[in-house]
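Trainee: This is what each chain is made of:
Protein chains: 2
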Amino acid sequence: MSIVERVAWIAVDWGASKLQIWAMDGAHDLLAERSLTQDMGGLECMQFESVLLQIIDEFLVAGRVMPVICCGMVGAKHGWVEADYITAPSRPPSGACAMRVISNDARIDVRIVPGMKQVAQPDVMWGEETQVAGFLSEQPKFDGVLVMLGTHSKWVHISAGEIVSFQTFITGEIYALLAHQSVLKHSIAVTGWDDIAFEVALAETISRPESAAAKLFSLRAASLVGDQSAEVARARLSGLLIGLELAATRPYWLGQNLAVVAATNAGEIYAKALSLQGLQAQVYDARLMMRRGLIAAYNTMKNTT
Amino acid sequence: MSIVERVAWIAVDWGASKLQIWAMDGAHDLLAERSLTQDMGGLECMQFESVLLQIIDEFLVAGRVMPVICCGMVGAKHGWVEADYITAPSRPPSGACAMRVISNDARIDVRIVPGMKQVAQPDVMWGEETQVAGFLSEQPKFDGVLVMLGTHSKWVHISAGEIVSFQTFITGEIYALLAHQSVLKHSIAVTGWDDIAFEVALAETISRPESAAAKLFSLRAASLVGDQSAEVARARLSGLLIGLELAATRPYWLGQNLAVVAATNAGEIYAKALSLQGLQAQVYDARLMMRRGLIAAYNTMKNTT
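Taken in order, these protein sequences are the chains called F and S.
Residue numbering for the first sequence is -17 to 287, as defined by this note's numbering.
Residue numbering for the second sequence is -17 to 287, as defined by this note's numbering.
Be aware that one or more of the hints could be misleading.
[What the hints assert, rightly or not] Straight-line alpha carbon distances no greater than 27 Å define the calculated DSSO-like cross-link-like pairs of lysine-lysine that follow:
1. 59(S) / 167(F)
2. 284(F) / 123(F)
3. 167(F) / 167(S)
No lab work stands behind these hints: they were computed from the structure.
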């Protein structure tokens, strides 16, 4: 049987800058995956369907309706349709509260899982709630904190199957702006690493968070008037910024049960940083958690077609 | 007598992105000023002279040699010529240590004032040392700290006419990156202000510096799930970042004699922030200090022509 004949539904992670799809069979095994880098900011509401069709058309057959379950920024205010938010504390949204999108193409039945919001300490997430659902489908009894990495990291407190609270840090975005667009860029390597430099900088800002601000320019100056290498500067910048995040998230990690969810090697770097504070955190694959979350959403989807 | 006949020398502040010149008479009164926005990063060594001539040619006369005293990044490694550094602690460089640049045009005699460097806590300055010289020409007995604002701020400890130590903060650059290029840009106004929001955010990060990292994303979230205005977000971002800088510079301002040197209204904002810590700091005009520093350099220049 060809892949097209076996595809039972399509899982979609549609973020601000990337569209990732997984073609799944009836047993929720992965048949194929595709991705597209596309800035959502440039899309009119009407264009979302054709962008999606570009990437899933090969799996569609006339006369059949393919379920397509999406999560991510695609359901935010400037996305395809606004799928609204579930308010924390709450279980992560299931497929039952996914929003159905009216499409022009009769071959697809598109649902978008809503994001989550928090009002008291204002915060929002789009996509991570589905990863949490995936993580909980594996570890339903987990009680503790998920550290979900990305351009923006989310610290998510989970208890009794609920997202109790969460907080977003834009550490990854600040790193990228400083390393690639600020005066520091001349002194910071694109690759390369120095463990000791990372650990020293991390310890500095965990114990004295304000030193992050004080030490940024020295990353440049130490290469001009000293002999600091660009690899050391890179590891130091990481250490300063992650240290500042850990100083701010102390209530999340002190004495807590932790797990890290990451799609890149940032997972190992954070796990190392946490281990230096005496905490052991297992690292989980963010894409796998996402897919499991979309499977959970598909399994709980109301059939309104 | 025409301006051209009265011009005795030309003072030049040549930074990374802007060239500013002042045509001065023999009594050091200002006759005319011109400026040019030009990214120094794109200039070959050979091109500096023609860029300078573009802007000062109108003041030159065949058969006369015009002294031109420059300071700023133009004397740094990737500038016109490397004028090297004076190492702190030291008096700010005088005209006697300015580097002479060999020019093709016989109508100019160009000197570049060196920058300053600090080795133990690596740091560098290019241009501010000349402002310090200008400030000291007015207040030779000043003992305390100059807060010199700009895209990068410098906290300069001055005693007995010497620059004892200094430290650079890239707060202004981080503000610009976050306000204009990060995810926060959607929620931050270009103008507008809210005093209370500034003061609250400032107090938060002075007392808990790590909260700067924790509260950045809430500038976005509070506009998505709350009703925070873009003007409030702008003042809060300023407060968070200046608070972090003040937390880091506490040893510079606690119980110190302070003066602020600024070219923009950031001077008033920092003075306000300092006054909330119980410190009164007078604000001085950075361009005026720069011109006085260049006058001091001109007056102490060795005549090697």
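Trainee: All hints, please: hold or fail.
Mentor: Consistency of the hints with the structure:
no.	hint	verdict
1	59(S) / 167(F)	16 Å, holds
2	284(F) / 123(F)	25 Å, holds
3	167(F) / 167(S)	21 Å, holds
The structure agrees with every numbered hint stated previously.
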